[in-house]
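Novice: Protein chains in written order, with this note's numbering: chain A, 349 to 609; chain B, 33 to 383.
Among the clues, some could well be false.
Straight-line C-alpha distance at most 20 Å; calculated PhoX-like pairs for lysine-lysine [stated by the list, open to error]:
#	chain 1	residue 1	chain 2	residue 2
1	A	K602	B	K97
2	A	K403	A	K574
3	A	K574	A	K413
4	B	K159	A	K574
5	B	K159	A	K602
6	A	K413	A	K544
Residues from chain A shown here face chain B by an in silico Cβ test under 10 Å; the list is partial [to be verified]:
#	residue
7	D469
8	K565
9	S568
Simulated from the structure, these hints should not be mistaken for laboratory data.
Built from N, CA and C at the ideal position, the CB exists for glycine as well.
Below are the chains, spelled out letter by letter.
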Amino acid sequence: MNIVVCIKQVPDTAGGVKFNPDGTLDRAAMLAIMNPDDKAGLEAALRLKDEYGAKVTVVTMGLPKADAILREAMAMGADDAVLVTDRVLGGADTWATSQTLAGAVRALDYDLVITGRQAIDGDTAQVGPQLSVHLGLPIVSYTQKLRIEGDYVIAERMFDDRHHVLKVKMPCLLTALSELNEPRYMTPGGIFDAFKKEVTVMGRKDLVDVLDSNIGKVGSPTQIAKASDKVRKGAGTQYIPEDATDAAEYIVGKLKEKFII
Amino acid sequence: MNREEYKGVYVYAQQVDNKVSNIALELLGKAKVLANDLGSEVVAMLLGSDIKDQAQKLAEYGADKVIVVDHPFLKEYMTEPYTQAISNIIYEFKPDIVLFGATAIGRDLAPCVAATVHTGLTADCTKLDIGDFPMTPIPGKETLHKQLLMTRPAFGGNTIATIAIPDFRPQMATVRPGVMQKLPRNREAKANIIEFDAHLEKNNRYVEILDVVKKVSDYVDIQDAKILVSGGRGMQNKENYEKYLRPLANLLGGQVSSSRAGVDQFGIPKELQVGQTGKTVRPKLYIACGISGAIQHLAGMEESDLIIAINKDETAPIFDVADYGIVGDLFQIVPILTKMVEQELAKKAEM
Chain A
349 MNIVVCIKQV PDTAGGVKFN PDGTLDRAAM LAIMNPDDKA GLEAALRLKD
399 EYGAKVTVVT MGLPKADAIL REAMAMGADD AVLVTDRVLG GADTWATSQT
449 LAGAVRALDY DLVITGRQAI DGDTAQVGPQ LSVHLGLPIV SYTQKLRIEG
499 DYVIAERMFD DRHHVLKVKM PCLLTALSEL NEPRYMTPGG IFDAFKKEVT
549 VMGRKDLVDV LDSNIGKVGS PTQIAKASDK VRKGAGTQYI PEDATDAAEY
599 IVGKLKEKFI I
Chain B
33 MNREEYKGVY VYAQQVDNKV SNIALELLGK AKVLANDLGS EVVAMLLGSD
83 IKDQAQKLAE YGADKVIVVD HPFLKEYMTE PYTQAISNII YEFKPDIVLF
133 GATAIGRDLA PCVAATVHTG LTADCTKLDI GDFPMTPIPG KETLHKQLLM
183 TRPAFGGNTI ATIAIPDFRP QMATVRPGVM QKLPRNREAK ANIIEFDAHL
233 EKNNRYVEIL DVVKKVSDYV DIQDAKILVS GGRGMQNKEN YEKYLRPLAN
283 LLGGQVSSSR AGVDQFGIPK ELQVGQTGKT VRPKLYIACG ISGAIQHLAG
333 MEESDLIIAI NKDETAPIFD VADYGIVGDL FQIVPILTKM VEQELAKKAE
383 M
């Protein structure tokens, strides 16, 4: 079985988001990590490899520095890694990104394609579903459990108030939730091996069946009209009360002022 | 592409178990405003099996027209038949704008539709306007009028962007639940109801449902609450939510919610969690008790109309978004506050 896992390098928010003095986001001060949902997708692939035997290939589209998360993925146990990088691919929205990834995945052998549900920088959750359409694959979004039965994947798809147990014939695509599992750590031997292995680098010319009009900034239907780091609305009034009764009176005063009581 | 051919503001009228979801009504409310600006009509797309009886409700909340696709394949939400149905409506009717709720269903369906019909999609919008693109004229570049301008937060609410889809149609967006206002119900309203054969055909993207497991929930959706009394790490345990927060929430006609710390550490149900990995809420009043205010929490509640925070630590980040921040011990303040609110309400009832 061949499993392709799509991963993305994103700025870390868990270590605390850093702000500039004007209240905007200080991106340079934040670490770059493997997107958490993608890591859960990779872990799911590695568990299938452990249980059924599989070759796991990780693919990322990004700047050359995204090599770091590919090495991390190989240190966790991925067999191969592909970096899709090319100047003409920059500025892509989810349509152009999913077109590009589809072009890269077509160049690989796959029975199962796994993506994270969403990346913590864009939060769109669109690339996985759009990739499934471009590849013509059935999709299970929000996978919270899975197993293999012959040529089929049996997967639990999480929705707000219910989950569906689905039977899907491979090849198919799954999007993973970080709740799916607890990703393993890299092993020292794995880290050592990961830096000896080759990362396959793909450029525009290596993408299969992709039109120039569907990649990069020119291929992106959405365009940014205005962008800003959000300046938080700012603190209101802080009140240090004399005692609990004073505090309660203060709050009641505000609730009356705002016609809530 | 000829933009002039594309007309109307279309809304995906999400239904679950043949009952139209609240988000569909919120979208109709917004669609009405957009349609007024454009001089066009509001069209609801209602998909399901034996679903026709829900069309009238959509009319009463603002739909001028309802396109109904009634088919056994559409009984339970599945990605492929729903994608086919919506895509075929788009090919047939050529809408200018298509809106979906940013629900689990909408966030699965909308990207598949956008990929199928080849257009742009903006996720999780909190604001939609009609305006010019570019927003300020750029020499040598044509200014397009009456474009959909979609504003969305990213990065857990730390950045904000306005997006347009100038060269493709329809312009598509998913919209967060609880952000748009539904119209008052008009029981006299009538819509033009069109039954549409979407030519659904089974293909390899159809999957088999082996089982549907519904979660039984005892909780009212916190996204619908007008007032939330919310607890965090400072609550110390689950029992204290009931003892301290519940009475106040009940008096105010609100609900109890929690930060992630309460869910992870005290076993508060996940459906009551506010924040980036929980729910985004926008009540009239949000009282944060013992919540420090991690960035992921703030992203889920900072749009509330009025935020009151009670925390012992005067440097807690929750005070950065609170309209009124009270530095003090919630276990002393909340019981007295509850008592006073009760007295105030009693006084008001006498008047």
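Novice: For every hint, state whether the structure bears it out.
Specialist: Going through the hints against the structure:
Pair hint K602/A plus K97/B does not hold up; C-alpha atoms about 45 Å apart against a cutoff of 20 Å. At roughly 43 Å between alpha-carbon atoms, K403/A and K574/A are farther apart than 20 Å, so this suggested pair is violated. At most 20 Å may separate the alpha-carbon atoms for a hinted pair to count; K574/A and K413/A exceed this at roughly 27 Å. Pair hint K159/B plus K574/A holds up; C-alpha atoms about 13 Å apart against a cutoff of 20 Å.
This hinted pair does not check out: K159/B and K602/A have alpha carbons roughly 29 Å apart, beyond 20 Å. At most 20 Å may separate the alpha-carbon atoms for a hinted pair to count; K413/A and K544/A meet this at roughly 17 Å. Taking 10 Å as the C-beta cut-off, the interface hint given for D469/A holds, the closest approach to chain B being about 6 Å. Hint on K565/A is violated. Least Cβ distance to chain B is approximately 12 Å, over the 10 Å limit.
Taken as an interface hint, S568/A checks out: its beta carbon lies about 7 Å from the nearest beta carbon of chain B, inside 10 Å.
Of the hints listed earlier, those the structure fails to meet are numbers 1, 2, 3, 5, 8, in rising order.
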